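Engineer: Here's the letter readout for the chains.
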Amino acid sequence: MANEVKLYGATRSPFVCRAVIALNLKGIKYELVVEDLSNKSADLIKYNPVYKKVPVLVHNGNPISESLVILEYIDEVWNGVPILPQDAYEKAQARFWAKFMDDKCFPAVFKAVISHGEEQAVAEAQEALQFLENELKVKGSKFFGGDNINLVDITATFVAFWIGAVEEALGIELLPKDKFPKLTEWSDNYVNCQAVKDSLPPRENLVAIYKKRFGKA
Amino acid sequence: MFKKSVNKGMEKVKLFATWSSPFVKRIIWALKLKNIEHEIIYEDLANKSPELLKYNPIHKKVPVLVHNEIPICESLVILEYIDETWKDAPRPLLPKDPLDKANQRFWAKFSDDQVLPSFYGYIMKQGNEKEEAKETTLAHLKRVEQLLSEKKFLSGESVGFLDLVFGWLAENSRPLEVVTGLKLFDEDSFPNLCAWRDKFLEVPAIKESWPDQETLIAKYQEINLSKGK
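Residue numbers (my numbering), protein chains in the order written: chain A, 1 to 217; chain B, 1001 to 1229.
No lab work stands behind these hints: they were computed from the structure.
No experiment lies behind these values; they were computed from the predicted model shown.
All C-beta atoms, glycine included, are put in the ideal place defined by N, C-alpha and C.
Hints may be right or wrong, so weigh each one.
[Unchecked claim] Computed cross-link-like contacts, DSS-like style, restricted to lysine-lysine with a CA-CA straight-line distance of at most 30 Å:
#	chain 1	residue 1	chain 2	residue 2
1	B	Lys1087	B	Lys1151
2	A	Lys91	B	Lys1014
3	B	Lys1012	A	Lys91
[Claimed, not checked] Sample of chain B residues at the chain A side, in silico, Cβ under 7 Å:
#	residue
4	Ile1072
5	Cys1073
6	Val1077
7	Glu1084
8	Thr1085
9	Leu1099
10	Ala1102
11	Arg1105
12	Phe1106
Let the sequences and hints guide you as you build the complete structure.
Structural biologist: Encoded structure:
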C-alpha cells in the first residue's frame, strides 16, 4: 500500500512547525496542505471535527490531530532519528516537559503577547520559562534531549523562534539574554539544526504577521 | 534532580494521593489492574508533606508515582510509564497499533482539557454559567457516546487506558447525582455511556478500589453539608 502522508497546516503556527520538523527529521516525504485559517477547508473539518485546528497529519487516509500526539505517532511509525528516548523513565521525563511547555509556558507567553507586554503577564511568562532555564542548567547538555534534539526541544520551537519574532514585532522583551543565558544559547543551537532550519518559516513573515495582529496601532 | 539507578531486588512503588482527585484514582486503578504492589500516601493539600514537595517541586500536586525513589508526575505520563515498565502484566493498557494509540491519546486529552473542566463547571457554577456548562458538557458527552457505539469499553474489548482516563465520569456521576440532585445524562439519551459506566464499575480492580460508590456519596454529602446547603 502506498505510503501517503499529508500535513494540514499553516506556516505561521508553531504547532504545525513541530510536525514539519518531525517529518523532516525522519526524512518522510509528505504533501503540505496549506490551510487558510479564516476559511477552513471541508477536508480539515472532516479530519478534525472536534477542534477544526491545524496541524492534522493524514497517513493513508487516517487523520491524527494534536501536535504532541502527532509527534509520538511519527516516532512510532517511522524509524530513523528518534524523537523520544527508549527508556521508560526518560520517556516519562520528556513527556512531562512537553506537557509543561503546552500547559504552562505557551499560555503564559501568549498572555504576555496579547497584553502587549503588560508587566504582570511578562513576569508570569518568565516564571514559567525559568523552569526551562533551570532544567537546561541542571542537565548541562546542548539540548533538552542531550546531544541531539528530542520531543522536548521540538515542543519548545515556539520558545526558540516565535518568541524572538514576537519580541521584535511588539517591541517587548520576554527572554532577555542576561536572565536566560541557557535558553538563549539553546535557541541559537536549536534553530541551526538542519531539520529545524529546513522547517522554520521566514522570520520576517512572522514579524509582519504579529505586527499586524498584535502591534499597537 | 533524580538519577535513575538500576535497582535489583525489591520494586518499591509509592503513590502520593488524595481520595477525591480524578487524576489520582486512574493511577490506583492502573496499579490494581497490573497487580503492582504499592503504598498509597494520602496528602492533605492544605498542608503538603515535604516529600510531595521534593518529588513534585514544579506543580506540587498529586498524583506522584515514586518508583524505587524516582518520581513521575502528571497522571497521563504516569499511566504510560506504568504500561511501559510493567509490560503485559497481565495485559497492556494501551494498544500496540500506533493509530489506535494515537486515538486513545487524543481522546485522553479531550477528557482532561474539555470534558472534566466543563463537568466541574456544571457541578460548581450557578445560574446561566451552570446552564452553559451543562450544554457544553452534553455536547462533549455526545462524542464519547459515539466512541462507544461499536465498542464494549473505550479501549476496545477490555478495560484499558482510555477507560481509566474517563473513569472519573463513571465513578462520580451517580454519587454527585444523589448528593446534588443534578442528573447530567440518562439511559434514553446516552445508552452507550450508561452501559459503559455500569460495566466499568463492575471490573474487579475498579470495584475493589477505595473510595467506593457508597463512600463517595457519604464524602460528598459531608462536603455539601459543611457548606450549609
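Engineer: Determine for every hint whether it applies to the structure shown.
Structural biologist: Consistency of the hints with the structure:
1. Lys1087(B) to Lys1151(B): holds (24 Å)
2. Lys91(A) to Lys1014(B): Measuring from Cα to Cα gives roughly 20 Å; hence the hint holds.
3. Lys1012(B) to Lys91(A): Since the Cα atoms of Lys1012(B) and Lys91(A) sit roughly 20 Å apart, the hinted pair holds (cutoff 30 Å).
4. Ile1072: holds (5 Å)
5. Cys1073: holds (6 Å)
6. Val1077: OK, holds: Val1077(B) within 7 Å of chain A, min 5 Å.
7. Glu1084: OK, holds: Glu1084(B) within 7 Å of chain A, min 4 Å.
8. Thr1085: Status holds, d = 5 Å.
9. Leu1099: Result: holds, 6 Å to nearest chain A Cβ.
10. Ala1102: holds (4 Å)
11. Arg1105: With a closest approach of 5 Å, the Arg1105(B) hint holds.
12. Phe1106: Nearest chain A Cβ about 5 Å off; hint holds.
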